[in-house]
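Novice: The listed protein sequences derive, respectively, from chains H and A. Quick note, the first sequence lines up with residues 1 to 382 if you use this note's numbering. Quick note, the second sequence lines up with residues 1 to 382 if you use this note's numbering.
Since the hints were derived computationally from the structure, they do not count as laboratory data. Where a beta carbon is used, it is the ideal one built from N, C-alpha and C, also for glycine. One should not assume that every hint holds.
What the hints assert, rightly or not - Restraint ranges, calculated between C-beta atoms of paired labels, are given here:
#1 H:214 <-> A:346: 48 to 58 Å
#2 A:303 <-> H:210: 30 to 40 Å
#3 A:332 <-> H:159: 50 to 60 Å
#4 A:61 <-> H:327: 39 to 49 Å
#5 H:86 <-> A:197: 52 to 62 Å
#6 H:361 <-> A:150: 46 to 56 Å
#7 H:327 <-> A:346: 38 to 48 Å
#8 H:38 <-> A:113: 14 to 24 Å
#9 A:150 <-> H:363: 47 to 57 Å
#10 H:363 <-> A:245: 30 to 40 Å
#11 A:303 <-> H:226: 56 to 66 Å
#12 A:197 <-> H:214: 31 to 41 Å
Number of protein chains: 2
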Amino acid sequence: MNQQRPDIAVIGGGQLARMMQQAAIGLGVRLRLLAEGEDVSAAQVIPDHIVGDHTDLDDLRAAVRDARVVTFDHEHVPPPHLEALQAEGHACRPGPHALIYAQDKALMRERLSELDIPVPAHRVVTSADELDDFVESVGGYPVVVKTTRGGYDGKGVWVVNHAGSAAEAFATGAPLLAEELVFFTRELSALVVRRPSGDIAEWPIVESRQKDGICKEVVAPAPDLSDAVAASARDIAKRIAEGLDVVGVLAVELFETADGRVLVNELAMRPHNTGHWTIDGAFTSQFENHLRAVLDLPLGPVAPREAWSVMVNILGGSVEDLEAQRAEVLERDPDIRIHLYGKSVKPGRKVGHVTAVGDFLPDVIVRARRAADLFEEGKSDE
Amino acid sequence: MNQQRPDIAVIGGGQLARMMQQAAIGLGVRLRLLAEGEDVSAAQVIPDHIVGDHTDLDDLRAAVRDARVVTFDHEHVPPPHLEALQAEGHACRPGPHALIYAQDKALMRERLSELDIPVPAHRVVTSADELDDFVESVGGYPVVVKTTRGGYDGKGVWVVNHAGSAAEAFATGAPLLAEELVFFTRELSALVVRRPSGDIAEWPIVESRQKDGICKEVVAPAPDLSDAVAASARDIAKRIAEGLDVVGVLAVELFETADGRVLVNELAMRPHNTGHWTIDGAFTSQFENHLRAVLDLPLGPVAPREAWSVMVNILGGSVEDLEAQRAEVLERDPDIRIHLYGKSVKPGRKVGHVTAVGDFLPDVIVRARRAADLFEEGKSDE
Numbered sequence: 001m002n003q004q005r006p007d008i009a010v011i012g013g014g015q016l017a018r019m020m021q022q023a024a025i026g027l028g029v030r031l032r033l034l035a036e037g038e039d040v041s042a043a044q045v046i047p048d049h050i051v052g053d054h055t056d057l058d059d060l061r062a063a064v065r066d067a068r069v070v071t072f073d074h075e076h077v078p079p080p081h082l083e084a085l086q087a088e089g090h091a092c093r094p095g096p097h098a099l100i101y102a103q104d105k106a107l108m109r110e111r112l113s114e115l116d117i118p119v120p121a122h123r124v125v126t127s128a129d130e131l132d133d134f135v136e137s138v139g140g141y142p143v144v145v146k147t148t149r150g151g152y153d154g155k156g157v158w159v160v161n162h163a164g165s166a167a168e169a170f171a172t173g174a175p176l177l178a179e180e181l182v183f184f185t186r187e188l189s190a191l192v193v194r195r196p197s198g199d200i201a202e203w204p205i206v207e208s209r210q211k212d213g214i215c216k217e218v219v220a221p222a223p224d225l226s227d228a229v230a231a232s233a234r235d236i237a238k239r240i241a242e243g244l245d246v247v248g249v250l251a252v253e254l255f256e257t258a259d260g261r262v263l264v265n266e267l268a269m270r271p272h273n274t275g276h277w278t279i280d281g282a283f284t285s286q287f288e289n290h291l292r293a294v295l296d297l298p299l300g301p302v303a304p305r306e307a308w309s310v311m312v313n314i315l316g317g318s319v320e321d322l323e324a325q326r327a328e329v330l331e332r333d334p335d336i337r338i339h340l341y342g343k344s345v346k347p348g349r350k351v352g353h354v355t356a357v358g359d360f361l362p363d364v365i366v367r368a369r370r371a372a373d374l375f376e377e378g379k380s381d382e
Numbered sequence: 001m002n003q004q005r006p007d008i009a010v011i012g013g014g015q016l017a018r019m020m021q022q023a024a025i026g027l028g029v030r031l032r033l034l035a036e037g038e039d040v041s042a043a044q045v046i047p048d049h050i051v052g053d054h055t056d057l058d059d060l061r062a063a064v065r066d067a068r069v070v071t072f073d074h075e076h077v078p079p080p081h082l083e084a085l086q087a088e089g090h091a092c093r094p095g096p097h098a099l100i101y102a103q104d105k106a107l108m109r110e111r112l113s114e115l116d117i118p119v120p121a122h123r124v125v126t127s128a129d130e131l132d133d134f135v136e137s138v139g140g141y142p143v144v145v146k147t148t149r150g151g152y153d154g155k156g157v158w159v160v161n162h163a164g165s166a167a168e169a170f171a172t173g174a175p176l177l178a179e180e181l182v183f184f185t186r187e188l189s190a191l192v193v194r195r196p197s198g199d200i201a202e203w204p205i206v207e208s209r210q211k212d213g214i215c216k217e218v219v220a221p222a223p224d225l226s227d228a229v230a231a232s233a234r235d236i237a238k239r240i241a242e243g244l245d246v247v248g249v250l251a252v253e254l255f256e257t258a259d260g261r262v263l264v265n266e267l268a269m270r271p272h273n274t275g276h277w278t279i280d281g282a283f284t285s286q287f288e289n290h291l292r293a294v295l296d297l298p299l300g301p302v303a304p305r306e307a308w309s310v311m312v313n314i315l316g317g318s319v320e321d322l323e324a325q326r327a328e329v330l331e332r333d334p335d336i337r338i339h340l341y342g343k344s345v346k347p348g349r350k351v352g353h354v355t356a357v358g359d360f361l362p363d364v365i366v367r368a369r370r371a372a373d374l375f376e377e378g379k380s381d382e
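One chain only, chain H, in its complex shape (with noise of 0.2 Å):
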């Protein structure tokens, strides 16, 4: 354990933590960790790192004791111990204030229909009558049942196609948020970074495919974008950025309809999946950018440095020896990047990541394809 101050301490050990740790090496900032457990991902490569919970206060104290700001690898950690920290004169960046609208889907929602920032028709039900009448007021079903609070990856989020079906998120006992299903033709995702300064940088909007509610695959930049709406995806993660007062990257998960409109599906105020592409695609990962910007320091370049990336989420599949795999899937393309997790394979389980850049799209993608294809289950169709 080395005895220096550290620069940033990072709530929660996995791959995003990891991450940052390679941008960390480069500009000489020191992380210190509080980790899930001693081999968790990113425990794996932070010297620095405590073993504790981070819903509890005291080993959160402990973590963030002597760092000069403090940032996260998730949303997790309860807004009253943020606050407390905060209370406490640890910089939280992004502060609890901001955070809250990435923790809680029906402030976010609020918040956002404030700041006049288009989101799907929505309303907080607690119960079977409730959620009956907004389903009238958006013109019948189907409509998207979500816990307001702790859901990601598709779970706490329900399809429900006739009265009755949103038995199972009643059953839950949480907080639920009604919304319209919207019909949207693509997912698009807002990738900028902001400084307490106010700074803001931001890349490329990327196109992001889901497969059982996760994200699977990124295309940057999104192939076909018109002008307009990617001004009015930028314009829209720019607005939310200052009027949340984000701190740090800020990644916005939109809808783009036929009809050319953007709303906004979901917020995270950390670096994210969605952004992964940029370690390999852009001048600045967002991994860099993010710590530049919790240290207010200037923030480094995002033009793309490819035509086109494309990356690939690895998911836990019939192979379980990701580094063994590593020989045959760099065989295949030796130009391909590689970024494993450091994690046990289980199902479906974010396991690592790949991409591929280039010249044209549809090699790219294949190559990205395949190779995560040899990751999760040791062939490929591609």
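Given the coordinates of chain H, assemble chain A onto it according to the supplied hints.
Specialist: Just chain A now, kept in the frame of chain H:
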């Protein structure tokens, strides 16, 4: 400390091991470090480290114990210890039979001569009389005298201008090698990487500019390099890698002469200062390809990503707090790529490097020099 078996044991905790870790994180490769102290450069970023002495065989054994392969941050492990590790079944990459030529300049000169690779005229000298004979054989002073082992960054090297001025060198008591002083027009470096199977990849030939015997600046690719000289430099590096059975990165420092010849100056069998530009300027960095090579994985593409990359070392100067200086450097040039090594500042010590990339070389050079100046002295004339 994590409990997993490491993939690679790295001997030596300097900046090369530190930068290997950035690549290792992506590949999902677990490193174990033998570090000189608890908070040396690489120990700050590699949790699985052992503090010990690379000249102590038991410390080496403890570090390499359960690692799949062993590699190095420097050339200072005593050859008998390397032989012992190898005999005990540890795969040293490069192996002692190759490393010896990076450790002993007399053996290196002899072996390269056998391989018919151009080197300066040279002779091992044990007395002033033998030095006189050598001086006569090369047509008079000046000549260069070097310790055969242990020198680096200008240490252990003397330019001898007249009889008697080699006294300091002889006073060391170390075995000495006398060499003709080559009147070179510039220094080049040929960086290649080789797998155990024999596959080789070659980055572009770069120009290296020294200051007081220390590499200060690298321009990639070497400007105005004739095709013939480039081919000759590449050919030399490949023949050395093959002839000496090098595994991993090999850097061949070369003199280019006015009449278009290249002569080998020094060898390094590890990532090398003249290859740091590859982190930001090539599709695969020397650090990633070194790891891929020692694990016998397919090598990544070595093409440059930009027209020009210029790396300038940050040598310890009057600025003591490099981390505090980061803000000013980035304020002046947010596009500069910063690499700090987590080392305390001492006069002339390599404490980091910066890399600029771009299309117009004079501008790229100015930007890189200015950033390094700001880190060294807090101001720049550029």
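Novice: Each hint should be assessed against the structure and marked as holding or not.
Specialist: Status of each hint after checking the structure:
1. H:214 <-> A:346: 48 to 58 Å: holds, 50 Å
2. A:303 <-> H:210: 30 to 40 Å: holds, 34 Å
3. A:332 <-> H:159: 50 to 60 Å: Roughly 52 Å apart at Cβ, these two residues keep to the hinted range, so it holds.
4. A:61 <-> H:327: 39 to 49 Å: Violated - the Cβ-Cβ distance for residue 61 of chain A and residue 327 of chain H, about 28 Å, lies outside 39 to 49 Å.
5. H:86 <-> A:197: 52 to 62 Å: holds, 56 Å
6. H:361 <-> A:150: 46 to 56 Å: holds, 53 Å
7. H:327 <-> A:346: 38 to 48 Å: Between residue 327 of chain H and residue 346 of chain A, where Cβ atoms are some 42 Å apart, the hint holds.
8. H:38 <-> A:113: 14 to 24 Å: violated, 53 Å
9. A:150 <-> H:363: 47 to 57 Å: Distance hint for residue 150 of chain A, residue 363 of chain H holds at roughly 50 Å.
10. H:363 <-> A:245: 30 to 40 Å: holds, 37 Å
11. A:303 <-> H:226: 56 to 66 Å: violated, 34 Å
12. A:197 <-> H:214: 31 to 41 Å: Given about 38 Å between the Cβ atoms, the range holds.
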